[in-house]
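Generate the whole structure from the sequences, applying the supplied hints.
Those protein sequences? They're chains B and P, same order as listed. For the first sequence, this note's numbering assigns the number 1 to the initial residue and increments by one for each residue that follows. For the second sequence, this note's numbering assigns the number 1 to the initial residue and increments by one for each residue that follows.
Honestly, the hints are just simulated from the structure, not real lab data. Careful, some of the hints might be misleading.
[As the list claims (entries may be wrong)] So these bits of chain P aren't anywhere near chain B, every CB distance computed over 10 Å:
1. T63
2. G126
3. A188
[What the hints assert, rightly or not] Per the computed footprint, the stretches of chain P lying under chain B, defined by three or more beta-carbons under 8 Å from a beta-carbon of chain B, are:
4. 127-141
5. 222-229
Beta carbons: idealized from backbone N, C-alpha and C, even for Gly.
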Amino acid sequence: MNRAARIATLPILILLVPVLGGWKFITPARAWDITDSSRWPIEYHTGNVVPRGFDSAEVKWDMTQRSYDAWGTYVPCSPIEAVRGDDITNATQGFGSAGRSTLTFNDPLNDLGTGTLAAAVSYTGNGVVTNNGYTFLAITESHIVFNDGVVWGTPDDISDPNCFAVHDYLSTTTHEIGHTLGLGHSCEDGEACSDPLLRGANMYWSGGSCSDAKRTPNGDDAAGINAAYGVSVDFNIEPVDGESLVGAAPLTASVEVPSEFQNNVLSYEWNFGDGTEHVITATPEEVEHTWEEEGEYTVTLTIVGEAADCGGEFDAQERKVGAVLVCDEPRPAFEFSNAGDFTVEVVNTSDLGAFGCITDFVWILDGDEDGGLRTYQPTYAFDGKSSHEVTLRASGPGGETEITQTIEATKQSAGGCSASLAGQSHSGLLALVLMLGGLLGVRRRR
Amino acid sequence: MRRLSLALLMVSCLAAAPAMATTMAELSQAELTYMADLVVEAEVEAVQAERADGAIWIKSVVTLRLTRVLKGDAIEGDRVMLREWGGDLNGDVTEVASAPAYSVGERVLVFLEREERAGGMWRTLGMTQGKFTLVQEPDTGRDVLLKNVSRSVPQFVEAAVPLPAMRRYSDSVINAVIEQTDAGFVPAYSRIPGVPQWRDDLFHAAALAAGQSIDPRWAQVRQKLAVAPTGGE
Chain B
1 MNRAARIATL
11 PILILLVPVL
21 GGWKFITPAR
31 AWDITDSSRW
41 PIEYHTGNVV
51 PRGFDSAEVK
61 WDMTQRSYDA
71 WGTYVPCSPI
81 EAVRGDDITN
91 ATQGFGSAGR
101 STLTFNDPLN
111 DLGTGTLAAA
121 VSYTGNGVVT
131 NNGYTFLAIT
141 ESHIVFNDGV
151 VWGTPDDISD
161 PNCFAVHDYL
171 STTTHEIGHT
181 LGLGHSCEDG
191 EACSDPLLRG
201 ANMYWSGGSC
211 SDAKRTPNGD
221 DAAGINAAYG
231 VSVDFNIEPV
241 DGESLVGAAP
251 LTASVEVPSE
261 FQNNVLSYEW
271 NFGDGTEHVI
281 TATPEEVEHT
291 WEEEGEYTVT
301 LTIVGEAADC
311 GGEFDAQERK
321 VGAVLVCDEP
331 RPAFEFSNAG
341 DFTVEVVNTS
351 DLGAFGCITD
361 FVWILDGDED
371 GGLRTYQPTY
381 AFDGKSSHEV
391 TLRASGPGGE
401 TEITQTIEAT
411 KQSAGGCSAS
421 LAGQSHSGLL
431 ALVLMLGGLL
441 GVRRRR
Chain P
1 MRRLSLALLM
11 VSCLAAAPAM
21 ATTMAELSQA
31 ELTYMADLVV
41 EAEVEAVQAE
51 RADGAIWIKS
61 VVTLRLTRVL
71 KGDAIEGDRV
81 MLREWGGDLN
91 GDVTEVASAP
101 AYSVGERVLV
111 FLEREERAGG
121 MWRTLGMTQG
131 KFTLVQEPDT
141 GRDVLLKNVS
151 RSVPQFVEAA
161 VPLPAMRRYS
171 DSVINAVIEQ
181 TDAGFVPAYS
191 RIPGVPQWRD
201 DLFHAAALAA
211 GQSIDPRWAQ
221 VRQKLAVAPT
231 GGE
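Here it is in structure tokens:
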């Protein structure tokens with residue numbers, strides 16, 4: 001089988017479409033109907049206990065109100081409002097439907113497990129809400145449950161130099177309220193989350209103690225809440241002279257604002273994320289941009305508009321995080337060492353960069369293309385003393401590059417060698433090649 | 001991408017759907033291992049959505065067939081049942097951010113704890129933090145660890161899962177779990193949110209027995225948490 005045919009039969013290993021990051025709606029999308037006076041502003045009820053770490057119920061009430069207010073105060077043009085109602089019985093509430101919105105402390109019904117600070121649930125009815133072209137299920141009530149085993153703190157507690165193992169109530173409560181308003185996490189556990197704005201968002205998936213770094217909703221949080229409740233903007237980005245927004249440098253794409261987002265806009269400012277001058281236009285014409293260097297680029301549109309609902313002039317922003325991935329040619333490199341018993345351990349030292357520009361590695365022994373191994377770094381075991389040509393081929397959006405060097409399998413362990421230059425592969429011996437590592441793991445019953 | 005023809009479709013079929021999400025404290029691999037009652041490789045045999053009496057939300061009961069036990073009182077071939085937030089019951093969906101989703105046919109490496117309630121099942125420790133999907137590297141047979149690949153996938157097809165170029169192999173984590181468990185390793189003591197008092201007491205005692213120099217400020221934290229909250233009558 002020739003190489004081309006073989007590749008065609010392989011499972012698809014390469015994901016060439018960038019995953020657009022940024023704020024997310026919880027699914028299915030949901031929001032409060034701010035025109036429904038029976039449910040808006042949100043009336044919330046706190047459990048009738050004092051959270052551990054607080055001195056009084058007044059502190060709890062004050063901190064909770066400030067958490068709701070954060071979504072109105074720090075988000076331009078946001079209509080978010082909430083008022084406190086009477087306390088509810090903490091011991092019996094939890095997540096169950098109560099016909100009103102609640103906050104329960106110390107997880108009285110043991111709904112949460114280890115490692116969870118708090119959780120929120122929202123209920124919807126049959127109504128729908130639309131805003132900015134989005135359609136949402138209308139939220140009818142929401143419930144926040146704080147876990148047991150947590151000491152909560154006020155801003156003074158958190159900023160105290162002697163703060164120890166205290167969790168910021170404002171950060172966590174603002175985050176949970178964000179969920180009850182319809183927002184999901186900016187990033188989840190296990191996601192790369194390379195964008196600092198997403199890592200710094202209040203809606204990031206985790207939070208540490210004695211930190212207020214994510215207390216205030218940031219630009220990403222604001223864009224999400226404004227998409228659901230305020231004035232929002234969006235744009236399209238398309239490749240020019242190509243099929244993808246992922247490719248070799250230079251890469252050119254065009255951006256444009258759909259007509260539904262052009263109302264009441266006074267100016268458009270484009271930031272292409274590569275340090276070049278921002279492009280500002282008074283009209284929504286299509287703009288082209290070329291990225292010259294390797295990188296993962298976030299494209300940001302900031303508009304200035306004017307609307308009576310916002311009290312006059314306002315600005316709104318939309319970011320497409322990591323929308324464009326531009327890659328140079330891969331730079332494969334590897335080192336090896338002889339581990340004895342004719343076993344050679346290979347260490348992949350390729351420059352992976354920060355942008356995922358290498359999407360595939362293939363290891364070819366003695367020119368045997370059909371026997372190429374798609375793995376990060378193999379270990380080779382041979383029958384006896386021998387010399388072999390090993391080629392590492394790396395590929396990605398920027399192209400394909402390979403290097404070759406000779407490895408020696410000996411009975412006794414010895415030092416290694418490294419290679420980082422492009423070279424040629426050679427056909428050679430068909431050796432007995434075994435993959436070790438996982439295959440040698442002894443299955444045992446414990 | 002977030003445009004709403006899809007949302008309209010969802011709205012039409014998912015009315016009255018609750019959704020839930022969380023804030024988490026990050027757990028280290030050593031903390032996951034120590035706090036888990038059971039650490040296993042397993043295959044997902046069944047996922048059954050359920051709605052408790054009187055509840056509006058849906059949870060999923062997941063049946064795991066254990067293929068390798070790294071820690072805990074179980075053996076290969078045993079079946080354990082987890083109960084996790086979220087699920088799809090005849091098109092009625094509860095979606096829970098940060099809750100681990102399981103799909104039939106999926107192979108997993110999981111850190112599990114028992115629910116602290118009567119009739120409790122198991123649950124994944126630290127929500128998504130305690131679950132890794134295992135995907136075999138076709139050319140070598142080695143298992144690669146992946147996160148968040150099975151959400152919204154009713155039937156898991158391992159061969160269809162794209163693997164990243166830079167791979168984290170399962171043996172690195174499995175070996176660490178085995179070594180730490182065999183050695184009785186106790187991670188540096190901290191009061192982990194959500195850990196029951198009795199378990200924290202054991203953790204604290206074990207840390208002392210292991211000769212750890214525990215920061216005296218933890219005593220104040222433990223004292224605060226040992227006191228019942230005021231109010232609530």
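Cross-check of the supplied hints:
{"no.": "1", "hint": "T63", "verdict": "holds, 19 Å"}
{"no.": "2", "hint": "G126", "verdict": "violated, 4 Å"}
{"no.": "3", "hint": "A188", "verdict": "holds, 13 Å"}
{"no.": "4", "hint": "127-141", "verdict": "holds (count 8)"}
{"no.": "5", "hint": "222-229", "verdict": "holds (count 4)"}
In this structure, only the earlier hint numbered 2 is contradicted, and the remaining ones agree with it.
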